[in-house]
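K.L.:
Knowing the structure of chain A, use the given hints to seat chain B with the ligands on it.
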Amino acid sequence: MIEIKGLSKIYNGERVVDHADMQLETGTITVIVGTSGSGKSTLLRMINRLIDADEGTVLIDGQDTRDMGLDALRRRIGYVIQDHGLFPHWTVARNVATVPKLLGWSAPDIKARVREMLETFQLDPDRYGPRFPHELSGGQAQRVGVARALAARPDMLLMDEPFGALDPVIRAQAQDELRTVQKQFGATVLMVTHDMAEALSLGDKIAVMNAGKIVQIGPPEEIVTRPANPFVRSLIAATDRPFRRLALIGLEDHIVSGTAQGPAIAPDASLADALSQMIWSGRDALPVVDAQTAPDAPAHKIITLRDVLRLGQAQ
Amino acid sequence: MINRARIDRLGFWLFWPGMAALLLPFAGVRRSRIALPDAQSLSNTFGNWGYVAGAVYLAVLLAFVVRLSPVWRVGLGGLLCVALVLVTGRGAHLLAPDVAPYGRVSPGAGAWLALAVAGLLWADAMVRLRPPPLWRLATGGAVLGGVCTLIASGYLDDLSVIVEYHNRARSFWSEARAHILLALGSFGVACLIGLPLGLWAAKSRAIRGPLASVLTGLQTIPSIAMFGLMIVPLGWVAANVPGAGAIGISGIGMAPAFLALVLYALLPVVSNTEAGLRAVPPATEEAARAMGLNARQRLWQVEIPLALPVLLTGARIVLVQNIGLATVGALIGAGGFGAFVFQGLGQSAVDLILLGTIPTVALAFMTALLLDTAVALCRKDHR
Ligand SMILES: Nc1ncnc2c1ncn2[C@@H]1O[C@H](COP(=O)(O)OP(=O)(O)OP(=O)(O)O)[C@@H](O)[C@H]1O
Ligand SMILES: [Mg+2]
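Residue numbers (this note's numbering), protein chains in the order written: chain A, 1 to 315; chain B, 316 to 698.
This is chain A alone, in the form it adopts within the complex:
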């Protein structure tokens, strides 16, 4: 667990991070959103002590980071920098190998791990491994940056807008991969993004920052349904809110029996997906099938528009 207590940073008399408090439970993803210049990167950098806090403390499993060896601390925290920050004179493979090398892994282990990480992020190791960073697209470079941060299986991961340069398709894939990898070794992740949709889909918790302060922190439902103040409300456009909320609810728990015609929807889809299909096909109920069930078997499990409308309602 990472505990951030009363953390502040003052630049030229201005508090760019102002008494930030936060608890990151082990094995969860916390996402920070906020406007440009609100102090997100500064907060992140104080955690691995790239910059020193002026006030407050950071505790990792109860131990103050100031009492830890600086290099040891940083080697166990994966870090994805906002501008990818790849070493321009090293190949992609060497970049990814950075921390394992520092930790003294054996050469075959490093090699295998580099391949694994590049494959995880959809980069063919034989093709991209020997390239230099200037031979990559922006999105590819970002993925290498994430692969590098994860290479040594850190138990903590700080990510500063890791997927900013990715197109929506690759971005969704990269998010999935991040989720999978994170679950695999139970890493504690703190991630910064500008994209509310990304925050809502990835975060176990979302922290909203404005002018150096954390103005609200909580699970995605809470941010969408009970924004603490007009600033948080403004982050999710009024017209988007019902859909954002529905996207957070799986339809599994809201299946009823009945009959419905037409193509079925998978039970792991969200209520937003269901609503979208209903609108598009002009139906007020959809059959729900598991992969096992035959697609055109007479449906008994359905999801209804009435339920969707009820669940999406403002409280």
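Just so you know, the hints here were simulated from the structure itself, not pulled from any lab data.
None of the hints are false.
Below 25 Å or equal to it, Euclidean Cα-Cα: the simulated DMTMM-like pairs (lysine to aspartate or glutamate) are:
| # | chain 1 | residue 1 | chain 2 | residue 2 |
| --- | --- | --- | --- | --- |
| 1 | B | LYS695 | A | ASP83 |
| 2 | B | LYS518 | A | ASP71 |
| 3 | B | LYS518 | A | ASP52 |
| 4 | A | LYS101 | B | GLU600 |
| 5 | B | LYS695 | A | GLU135 |
| 6 | A | LYS183 | A | ASP155 |
| 7 | A | LYS183 | A | ASP253 |
| 8 | A | LYS213 | A | GLU14 |
| 9 | A | LYS101 | A | ASP124 |
| 10 | A | LYS301 | A | ASP284 |
| 11 | A | LYS101 | B | GLU601 |
| 12 | B | LYS695 | A | ASP124 |
| 13 | A | LYS5 | A | ASP61 |
| 14 | A | LYS111 | A | ASP155 |
| 15 | B | LYS695 | A | ASP126 |
| 16 | B | LYS518 | A | ASP54 |
Owing to the predicted nature of the structure, the values given are computational and were not obtained by experimental measurement.
P.N.:
Just chain B with the ligands now, with coordinates in the frame of chain A:
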């Protein structure tokens, strides 16, 4: 037939001085090494063959006016240069008996001009060919090797500079050693002092300004004054520090010249080190820290490799500057090729001046080529 598009600009403009070379004296013959030269034309030297040689030469120049592919131009230009050197050497051989044993035959204005034109045409063609760095280096080495072989073959032995060289063969090589020791040694010492200073300046803003002003101040002292200034303190050291004299420190000679060169070299070494280190992208620097590289690992694995092209560019500047400045060291008895230059100036013996100048220029040129190659090779990897 030949329209404008088919005419090569440089070839066209160099054709005229190239032709003028034929009207200037081909060789100068002197009764003694300091006598005034007596001009000889190509036809005086070779008889009718002189006209043939002139005609062939003009034909080749005309070929350069037409647009040929760079490969052709390189080949033709190279051949022209070699032919000109050979013809000059041969001409000297024919003319030498007239003034033996004390007389000298040297290339005349026409021969120099023709060689310059041919050299420019060839160099221009090389540039257009854009050979990869290692090829350029190999070409430089081949030219140097060719010239040395030609001199060793004895074919040029009747040219006055070569006569001068043979007269002083032994001191030539000891001066060469002194010259290289001065230029390279002072560079080495400047690096030992300048690299840490540059590193310090890159990391600390406070030191940057004052350091730059001091070093720039040193750089602005005229070289002769600088060499003179060194005499006093080093003379004092030699007289007052026991053992200083034993290791070769004295007010004149190698030590003050060496010190002066070190001082001159400091500014470029320090400023290039600083600039190179500061040019490391901030994101890269931050990533290196965040990955847990400690200060020393960052320096050796990230900062220095990334600064290397700039560092090598600095080394090139310093070495070429040192090779040139080392000649001035001869004024205070440091030796080096400058010794020939100043003796030659004193005796108004042009051959002797050339004996000091030509190897200095060749040395500077080869050094620059070598370091350019190194820079190009280490830039290839990134950016
Ligand atoms: N080294 C510094 N010196 C002075 N001011 C700084 C420094 N670093 C950041 N700041 C200021 O601190 C504030 C917060 O910066 P920070 O980089 O944390 O913002 P951010 O939330 O990450 O913004 P973005 O979304 O644009 O990345 C900004 O106003 C910035 O100008
Ligand atoms: Mg930022």
